[in-house]
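Student: Required output: the full structure, derived from the provided sequences and hints.
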Amino acid sequence: EVQLVESGGGLVQPGGSLRLSCVASGFTFSSYWMNWVRQVPGKGLEWVSRIYIDGGRITYADSVKGRFTISRDNAKNTLYLQMNSLRAEDTAVYYCARDLGYCNSAVCSTWGQGTLVTVSS
Amino acid sequence: DIQMTQSPSSLSASVGDRVTISCRTSQSIDNYLHWYQQTPGKAPKLLIYATSNLQSGVPSRFSGSGSGTDFTLTISSLQPEDFASYYCQQGYSTPFTFGQGTRLDIK
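Just so you know, the protein sequences line up as chains A and B, in that order.
For the first sequence, the residue numbers in my numbering are 21 to 141.
For the second sequence, the residue numbers in my numbering are 10 to 116.
Where hints are given, some of them may not hold.
[Unchecked claim] DSS-like cross-link-like pairs, simulated, lysine-lysine; straight-line CA separation at most 27 Å: (1) A:K63 to B:K51; (2) A:K96 to B:K54; (3) B:K116 to B:K51; (4) A:K85 to A:K63; (5) B:K54 to A:K63.
Please keep in mind that the hints were generated in silico from the structure rather than gathered at the bench.
Tutor: In C-alpha cells:
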C-alpha cells in the first residue's frame with residue numbers, strides 16, 4: 021500500500037524553526053517528484069514546494085521562499101521541510117504529497133494525513 | 010503567477026442531481042488542470058488529472074472537460090459520499106496554484 025506519514029508538527033513561537041518529515045512506503049520513493057502543500061484550518065489549499073527525484077530541481081511558493089527548505093533522503097525514503105523564521109500566517113496543516121508522474125505536471129496523487137503547525141506566542 | 014477562479018464557492022444539491030463546477034485560469038495551461046475532493050478532517054484526494062483523466066478507483070460519475078483556460082468538473086448523479094469540498098489546481102507552471110474551492114452541501 022502506498023503510504024505517506026508526516027511528523028514534526030507542533031506549537032512554535034514566531035521567529036522559530038521546525039522541521040517536518042514525511043516517510044514514504046509502498047512505492048519507489050526515489051522515482052517520484054514530491055510536494056508539500058498546506059492548508060489553514062477551514063481554508064483552501066496552498067502549494068508550498070516541490071522537489072525533483074534527485075533533489076536537483078526545487079521550487080517554492082513566494083510566501084515561503086528564503087525561509088523554507090525542502091529536501092529528501094532517498095536512502096531513508098523521507099521528505100523534509102525545514103521551516104525557519106516562522107510567522108503566524110504559516111499556521112496550517114502541512115501535507116506531503118507524491119506526484120502522479122504525469123509528464124512534468126505537478127499532480128498530487130497520494131497524500132499523507134497531514135501534520136499541524138501552529139505558530140503562536 | 011497563474012490565477013485560478015473557481016465557481017461557485019458553494020453549492021447546495023440533492024442526491025441524484027447533476028452538478029458542475031467551473032475553474033478558469035488567467036492564462037492557458039494546456040490541459041494541466043487537476044481536480045481534488047476533500048472531506049472534513051481528511052487529506053485531499055485526486056479525482057481527475059490533466060482535465061479529463063479519471064484517477065484509478067474514482068467512480069465514473071465524475072468527469073472533467075475543458076481546454077486552454079476554461080475547465081469543468083461534472084458529477085453526473087450525486088451520491089451521499091460526494092458532499093465535500095472540491096478544488097481545481099493548475100500543474101502547468103510554478104507556483105502550482107489551487108482554486109479557492111467549492112463546498113458542496115446537501116440541499
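Student: Compare the structure with each hint and give your call.
Tutor: Checked hints:
| no. | hint | in the structure |
| --- | --- | --- |
| 1 | A:K63 to B:K51 | holds, 13 Å |
| 2 | A:K96 to B:K54 | holds, 25 Å |
| 3 | B:K116 to B:K51 | holds, 22 Å |
| 4 | A:K85 to A:K63 | holds, 21 Å |
| 5 | B:K54 to A:K63 | holds, 16 Å |
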